[in-house]
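Trainee: Each chain is listed here by its residues.
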Amino acid sequence: MRIGIVCPYSWDVPGGVQFHIRDLAEYFVRQGHEVSVLAPADDDTPLPPYVVSAGRAVPVPYNGSVARLNFGFLSAARVRRWLHDGAFDVIHIHEPASPSLGLLACWSASGPIVATFHTSNPRSRAMIAAYSILQAALEKISARIAVSEYARRTLVEHLGGDAVVIPNGVDVDFFAKAEPKPEWQGGTIGFIGRIDEPRKGLPVLMRALPRILAARPETRLLVAGRGDEEEAVASLPAELRSRVEFLGMVSDEEKARLLRSVDLYVAPNTGGESFGIILVEALSAGAPVLASDLDAFAQVLDQGAAGELFANEDADALAVAAVRLLGDPARREELRERGSAHVRRFDWSTVGADIMSVYETVTAGAAAVAADDRATGLRARLGLARD
Amino acid sequence: MTATLIWILVALVAIGLYLSWTAGRLDRLHARIDATRAALDAQLLRRASVAQELATAGVLDPAASIVLYEAAHEARQAEEEHREIAESELSQALRAVFAEAQQVEGVREARGGEEAVRELAEAVRRVPMARRFHNDAVRAARALRRHRKVRWFRLAGHAPFPMAFEMDDEAPAALVERV
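In order, the protein sequences belong to chains P and A. The first sequence maps to residues 1 to 387 in this note's numbering. The second sequence maps to residues 388 to 566 in this note's numbering.
Same shape as in the complex, but just chain P:
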């Protein structure tokens, strides 16, 4: 099958959606399909062979922050060109509602279109204003995928209609087979995420840390992620700061080894998560997980069966649960086992097959994707085209 995938965000900036698309594309390539990914990228970025650059994304203030978007005449022309050259059986657009490549592709394509909605943002004013414009483009989508039940609910509330839920995929064995690192073992708690992004929840963990160290002084906290390290430990009493080790940005291999090594993985995120891929990665590596009870996290952790949950932003609850888990190897072992069994449904072999089922459902009996030629369409409607 010839598959075209549209990535809305810059390929050179690491992010959840980009990684998802990379893994999905590589999965389909391994399965013997022809895949082309259209993504914004700087001209000098080295790209994998299956990625086609849609030009540089422009930083624009959008929705309360600066987003890097692609729009305008040139981008639209590139999208059309890609659609025309690709002759795809199906195109898969990620984040079609963001005013970037996704929306452009939706606008200018006809034929089987599959779309994945990743975020579960609260309804933005721009979205409401643009509703009628969006609707005309979005109603071309033949199949919608939401990455979690939570994302599906937001989608239904904002845009109406329905979607099937297919979670994000993880290469479970990559994490399950990683080699633990001895210096990261022995009473360690792991945290992975941006240090300076409060929604990732490091401040909550820092507030809980003194209580955890009071009960178990030999505990160490390993933090992987970029941000200002000085600032992160500023709230901690000076004598406790040595118990926190910063690893900086880690590679995928290092991340897997870290997750294999720690005794407890803590995800204290306070919001803004629509899926929680990091939890799936931790479960894959067999790390016992303690996470805040966000909707998306509770769902990934099977409502607490595959990992423990604590009340969001409650540092005391986090400390109590962490101390209990660190002192109870039997319970940790139980969580490891349940997590490893539960996480199989997030493996690419399952997720990729489900996405392929969606492709096959929408392409059954449909014509291939083409650039939607409005000029011809209009002439035809006015009776000027030869039929």
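No wet-lab data here; the hints were simulated from the structure. Incorrect hints may have been included.
[As the list claims (entries may be wrong)] Per the computed footprint, the stretches of chain A lying under chain P, defined by three or more beta-carbons under 8 Å from a beta-carbon of chain P, are:
#, segment
1, 419-431
2, 502-516
3, 519-527
Built from N, CA and C at the ideal position, the CB exists for glycine as well.
Position chain A relative to chain P; hints supplied.
Mentor: Relative to the frame of chain P, chain A by itself:
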């Protein structure tokens, strides 16, 4: 005078273009409904065929075979207006027959059973998918057709008002369970 006339003409052309564009949207939506409906029919038929095959293959006990055969047969033969009920009954029959994981295991162990179970599991997974896509298209078309501009100018032409396909499509847990 001429200026006013030109402006009126421009406005009329603009309205005409807008209506034509809307008619195009509606046309595309109707095409999408037809395509998704065809896909749904294909998946339903596939599910019924696999169920009937299993029922006649002699890998199930006689009682289960009869229940499944009956339901699959009904689903394939149903008239359009009874289709939703017949397909729902097939879902119920499948859930009843494959309520336990042992039953699935039993079929798997039979000759060619692995293949049959895989096909059935795929079919019961794809029916809800196809139905969701179809009903999503129906909803989008309905939303547009209810709009004033479409009703006043009869942009929908003679196309029948789109109907959603409502049925019970819950899959048997033992079949879709993946561990």
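Trainee: Against this structure, judge whether each hint is valid.
Mentor: The hints, checked one at a time:
Coverage of the segment 419-431 of chain A by chain P holds. Counting CB-CB distances below 8 Å, 7 residues qualify, and the rule asks for three or more. Given a C-beta distance limit of less than 8 Å, the hint that chain P covers the segment 502-516 of chain A holds, as 5 residues qualify and 3 suffice. With 7 residues bearing a CB less than 8 Å from a CB of chain P, the segment 519-527 of chain A meets the requirement of three and the coverage assertion stands.
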